[in-house]
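From first to last, the protein sequence lines stand for chains A and B.
Count along the first sequence from 1, then add 18; that gives the number in the numbering used here.
Count along the second sequence from 1, then add 18; that gives the number in the numbering used here.
It is possible that part of the hints are untrue.
Partial chain A-side listing against chain B, Cβ under 10 Å, derived [what the hints assert, rightly or not]:
#1 Ser47
#2 Trp63
#3 His112
Negatives, chain A to chain B, calculated, CB over 12 Å [said to hold, decoys possible]:
#4 Lys21
#5 Arg26
#6 Lys350
#7 Leu405
#8 Glu419
#9 Ala431
#10 Glu465
#11 Lys501
A few chain A residues that don't get close to chain B, going by computed Cβ distances all over 10 Å [claimed, not checked]:
#12 Phe30
#13 Asn81
#14 Glu94
#15 Asp251
#16 Gly454
Just so you know, the hints here were simulated from the structure itself, not pulled from any lab data.
Idealized CB from N, CA, C, for every residue including glycine.
Okay, here's what each chain looks like letter by letter:
Protein chains: 2
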Amino acid sequence: MAKGLPKRSEDFSAWYNELVGKADLAEHSGVKGCMVVKPYGYAIWENMKAILDQKFKETGHQNAYFPIFVPKSLFEAEEKNAEGFAKECAIVTHYRLKNDPDKKGKLMVDPDAKLQEELIVRPTSEAIIWSTYKKWIQSYRDLPLLINQWANVVRWEMRTRLFLRTTEFLWQEGHTAHATKSEALEETEKMMHVYADFAEDYMAMPVIKGLKSESERFAGAEDTYCIEALMQDGKALQAGTSHFLGQNFAKAFDVKFADSEGKQKYVWASSWGVSTRLIGGLIMTHSDDLGLVLPPKLAPIHVAIVPIYKGDEQLAKISEVANKLKADMQAKGIIVKYDDDDKRKPGWKFAEYEMKGVPVRIAIGPRDLENGTVEVARRDTLEKESLQQVDLAIKVEHLLEQIQINLLDRAKAYREEFTNVAATWNEFTELLDGKGGFVQAHWDGTEETEQKIKEETKATIRCIPFDQKEETGSCIYSGKPSKGMALFAKAY
Amino acid sequence: MAKGLPKRSEDFSAWYNELVGKADLAEHSGVKGCMVVKPYGYAIWENMKAILDQKFKETGHQNAYFPIFVPKSLFEAEEKNAEGFAKECAIVTHYRLKNDPDKKGKLMVDPDAKLQEELIVRPTSEAIIWSTYKKWIQSYRDLPLLINQWANVVRWEMRTRLFLRTTEFLWQEGHTAHATKSEALEETEKMMHVYADFAEDYMAMPVIKGLKSESERFAGAEDTYCIEALMQDGKALQAGTSHFLGQNFAKAFDVKFADSEGKQKYVWASSWGVSTRLIGGLIMTHSDDLGLVLPPKLAPIHVAIVPIYKGDEQLAKISEVANKLKADMQAKGIIVKYDDDDKRKPGWKFAEYEMKGVPVRIAIGPRDLENGTVEVARRDTLEKESLQQVDLAIKVEHLLEQIQINLLDRAKAYREEFTNVAATWNEFTELLDGKGGFVQAHWDGTEETEQKIKEETKATIRCIPFDQKEETGSCIYSGKPSKGMALFAKAY
Numbered sequence: 019m020a021k022g023l024p025k026r027s028e029d030f031s032a033w034y035n036e037l038v039g040k041a042d043l044a045e046h047s048g049v050k051g052c053m054v055v056k057p058y059g060y061a062i063w064e065n066m067k068a069i070l071d072q073k074f075k076e077t078g079h080q081n082a083y084f085p086i087f088v089p090k091s092l093f094e095a096e097e098k099n100a101e102g103f104a105k106e107c108a109i110v111t112h113y114r115l116k117n118d119p120d121k122k123g124k125l126m127v128d129p130d131a132k133l134q135e136e137l138i139v140r141p142t143s144e145a146i147i148w149s150t151y152k153k154w155i156q157s158y159r160d161l162p163l164l165i166n167q168w169a170n171v172v173r174w175e176m177r178t179r180l181f182l183r184t185t186e187f188l189w190q191e192g193h194t195a196h197a198t199k200s201e202a203l204e205e206t207e208k209m210m211h212v213y214a215d216f217a218e219d220y221m222a223m224p225v226i227k228g229l230k231s232e233s234e235r236f237a238g239a240e241d242t243y244c245i246e247a248l249m250q251d252g253k254a255l256q257a258g259t260s261h262f263l264g265q266n267f268a269k270a271f272d273v274k275f276a277d278s279e280g281k282q283k284y285v286w287a288s289s290w291g292v293s294t295r296l297i298g299g300l301i302m303t304h305s306d307d308l309g310l311v312l313p314p315k316l317a318p319i320h321v322a323i324v325p326i327y328k329g330d331e332q333l334a335k336i337s338e339v340a341n342k343l344k345a346d347m348q349a350k351g352i353i354v355k356y357d358d359d360d361k362r363k364p365g366w367k368f369a370e371y372e373m374k375g376v377p378v379r380i381a382i383g384p385r386d387l388e389n390g391t392v393e394v395a396r397r398d399t400l401e402k403e404s405l406q407q408v409d410l411a412i413k414v415e416h417l418l419e420q421i422q423i424n425l426l427d428r429a430k431a432y433r434e435e436f437t438n439v440a441a442t443w444n445e446f447t448e449l450l451d452g453k454g455g456f457v458q459a460h461w462d463g464t465e466e467t468e469q470k471i472k473e474e475t476k477a478t479i480r481c482i483p484f485d486q487k488e489e490t491g492s493c494i495y496s497g498k499p500s501k502g503m504a505l506f507a508k509a510y
Numbered sequence: 019m020a021k022g023l024p025k026r027s028e029d030f031s032a033w034y035n036e037l038v039g040k041a042d043l044a045e046h047s048g049v050k051g052c053m054v055v056k057p058y059g060y061a062i063w064e065n066m067k068a069i070l071d072q073k074f075k076e077t078g079h080q081n082a083y084f085p086i087f088v089p090k091s092l093f094e095a096e097e098k099n100a101e102g103f104a105k106e107c108a109i110v111t112h113y114r115l116k117n118d119p120d121k122k123g124k125l126m127v128d129p130d131a132k133l134q135e136e137l138i139v140r141p142t143s144e145a146i147i148w149s150t151y152k153k154w155i156q157s158y159r160d161l162p163l164l165i166n167q168w169a170n171v172v173r174w175e176m177r178t179r180l181f182l183r184t185t186e187f188l189w190q191e192g193h194t195a196h197a198t199k200s201e202a203l204e205e206t207e208k209m210m211h212v213y214a215d216f217a218e219d220y221m222a223m224p225v226i227k228g229l230k231s232e233s234e235r236f237a238g239a240e241d242t243y244c245i246e247a248l249m250q251d252g253k254a255l256q257a258g259t260s261h262f263l264g265q266n267f268a269k270a271f272d273v274k275f276a277d278s279e280g281k282q283k284y285v286w287a288s289s290w291g292v293s294t295r296l297i298g299g300l301i302m303t304h305s306d307d308l309g310l311v312l313p314p315k316l317a318p319i320h321v322a323i324v325p326i327y328k329g330d331e332q333l334a335k336i337s338e339v340a341n342k343l344k345a346d347m348q349a350k351g352i353i354v355k356y357d358d359d360d361k362r363k364p365g366w367k368f369a370e371y372e373m374k375g376v377p378v379r380i381a382i383g384p385r386d387l388e389n390g391t392v393e394v395a396r397r398d399t400l401e402k403e404s405l406q407q408v409d410l411a412i413k414v415e416h417l418l419e420q421i422q423i424n425l426l427d428r429a430k431a432y433r434e435e436f437t438n439v440a441a442t443w444n445e446f447t448e449l450l451d452g453k454g455g456f457v458q459a460h461w462d463g464t465e466e467t468e469q470k471i472k473e474e475t476k477a478t479i480r481c482i483p484f485d486q487k488e489e490t491g492s493c494i495y496s497g498k499p500s501k502g503m504a505l506f507a508k509a510y
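Next comes chain A alone, as it looks inside the complex (with noise of 0.2 Å):
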């Protein structure tokens, strides 16, 4: 390994930004504002894909794939969520090149092969998916209409962060419809419970569950609902989105039903997302000075066994047990990698695994063979001990259980040492200003006093969570009466 990562407690964005580089995640490209997302970073992807998927579709869902363009009179038929999205996307506006008669071997867009209508790369798929689904839909027996999406989106962003905000990434968008208000309702608090499962019980990245306030809402929703993270630089993150559409897309598309007594209905909707965001929630919820910690169920790699040896026979002998190890946790679907590349040390092979996040690190050296041991590392706690090589692999499956559960408590514990009550505004920006966090304090419910805090603090309401004790107060900022806190945090 090259020298290591710039501190947390120095620089925690220069700390995000290396290990992001250094663990192998992503890179940018060569395309203003889009990542790539390199083998490693795709496979924890791919683990989460896989997982979210299985939930889904135990949930009814079914996927699907539409179009990656929006015509342009379809993307403007929602107004507001035309009007949200407008100023950040990349419209397709020629169909070919032609080559350059002023400049041999280049090629210049081609002026005759104008596109009648513009297209717009979808940053969200409502528009061109209510379009479509004014075509399926017609009776109540249509409904509910439970589909989702595995996408590429498009959001010109200027300011872009590898997985946080990059001008194209890869999300899943859920888009129902139902018969009725309430079924919809029940839908959007459904998968914003999928997500925060997801979220604490994979990810061991605990999460608020809550509503957001008007003005941060989805451009077209009439409920956001949310998941909301700290990260340990006391920020927030913004971890998925479910919103209450209610009829506003179904009156842009014209979508109706009839209902079982023949009646035409406006079709009430949901949609919901996450997206490659939460590769840069989970390493900024977890990692450390020294690189990436990943929770092993979904590390792409559990086990990384390193031969400490000299010479060939020694290797030779450490192999036989290392790979008959090997075997045994397979066995039980544990994911081993054996490092015997001879070209690199091992001193490097742990700075290897260390800034990658590997959850266990196995090391098998001469004295080992004669002891019938192994030298076993936890990733997360840095703690090393020496086991017995008989029924490893129970214990090592153990232990990755142990580490899932521990990264899940560590979080939990910072983000309740960092979550307060405010009671006064003098107490609101000294803990804004100061350790940081969450911050609960009493709100007007005026988009004006949220709208000052913000200037004065640069915190947002990050939601009014579900899950609080109903309390009236007055609000922190104006002292006019409050019904309930909101939490606010500075945010990604």
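Using the hints, position chain B against chain A.
Relative to chain A, chain B alone:
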């Protein structure tokens, strides 16, 4: 079900189009040339993806993800590749919309948001990937680099057909880098075999492996290997290609590596891909006038159980048996749908599952309850038989295996019947105008002759098959000496 399909023998093209719609596989979207892949069609694609992905990983490849946009300067770097795709690409020129001052509620492209450099929506990713590989490859230790990407691509097609030729389609593209020419050639060949095995073992679609003639080569390749299948209308379908790219992209993007002696050398490359076009091939290989016929290994549903009953009491009794049989089959990994929807009649359901190509349909009526039997119908042969309920899961498992084998055998027999040798020009044109299919014939190896044959017969060289005996002769068109036979056909 509504009325049936056109007959294949009368209008193959209309039969295909209607089948794709009625079997709920895909439909045209509101975006010219782009398709919506519906849930049932997408489920087939997911099955294909899962199997191919596993095969790619077993052969040492990793997945990654690269940007959808290619800046024009990168796009044009490999001249032949650029020339091949320049005439059919979608071009992003602007990154913002604004309110149209002349039309309330409408948007227009913001002329102030013109990109300095246009972006091409990837028609294929060699350019963007090789510009990245330049950063990833320094030494022979970085080689081979074996990467695959699952992605959407866009080629601006004027005449489109669902699955077979659409403006946007889904595919995978492998892009590998090697230290030596022989390694790159070996990879190119290996992936052709992976595709061929997939086509035969899973799609039950036999293919001919061979080399493309120069004029049919991928733009930027030194050689294109392909697999060619024969459809039921006697036309050929290129089902997958694997390209030996030589050092063309390495030179265009200046990708060199230091060999073990420290000498700088250009890297050798391959690329290979299959797409949603495979679904078109699957349809046209097996399906019949009643609808889709699917090989069990790719079918989203293996078995549909339809109860035949009068009244709730009878339904309850049948459901008890059906659910028991369903559970037994599921325990063997068989995917079963028990369709007790009371809104549809059994006849409608029979036609529906026939249209959707479900390999096995089981009907259970009151007499079956008395006799401990069920009626089992095979989709491939349309045969029905009455079977005892005892050990039904084992019998159905066996039947699914038989169906898989029968579909391949049938397709092979068809292809054999429709593969003929033409010794003379007369024979050649008679075969192509008459029964169609593959025609093997001597060819003088010149592009000129190939072009003339195409003009006069509409047949193209599908490939020069690898698996044929070496034999010299005279070109059927020019009479000039020929070193071997080429495989001709009219093609999709």
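So, going through the hints one by one against the coordinates:
no.: 1; hint: Ser47; in the structure: holds (5 Å)
no.: 2; hint: Trp63; in the structure: holds (8 Å)
no.: 3; hint: His112; in the structure: holds (4 Å)
no.: 4; hint: Lys21; in the structure: holds (19 Å)
no.: 5; hint: Arg26; in the structure: holds (27 Å)
no.: 6; hint: Lys350; in the structure: holds (20 Å)
no.: 7; hint: Leu405; in the structure: holds (31 Å)
no.: 8; hint: Glu419; in the structure: holds (26 Å)
no.: 9; hint: Ala431; in the structure: holds (34 Å)
no.: 10; hint: Glu465; in the structure: holds (22 Å)
no.: 11; hint: Lys501; in the structure: holds (35 Å)
no.: 12; hint: Phe30; in the structure: holds (26 Å)
no.: 13; hint: Asn81; in the structure: violated (5 Å)
no.: 14; hint: Glu94; in the structure: violated (5 Å)
no.: 15; hint: Asp251; in the structure: holds (27 Å)
no.: 16; hint: Gly454; in the structure: holds (33 Å)
Checked against the numbered hints above, the structure breaks hints 13 and 14 and satisfies the rest.
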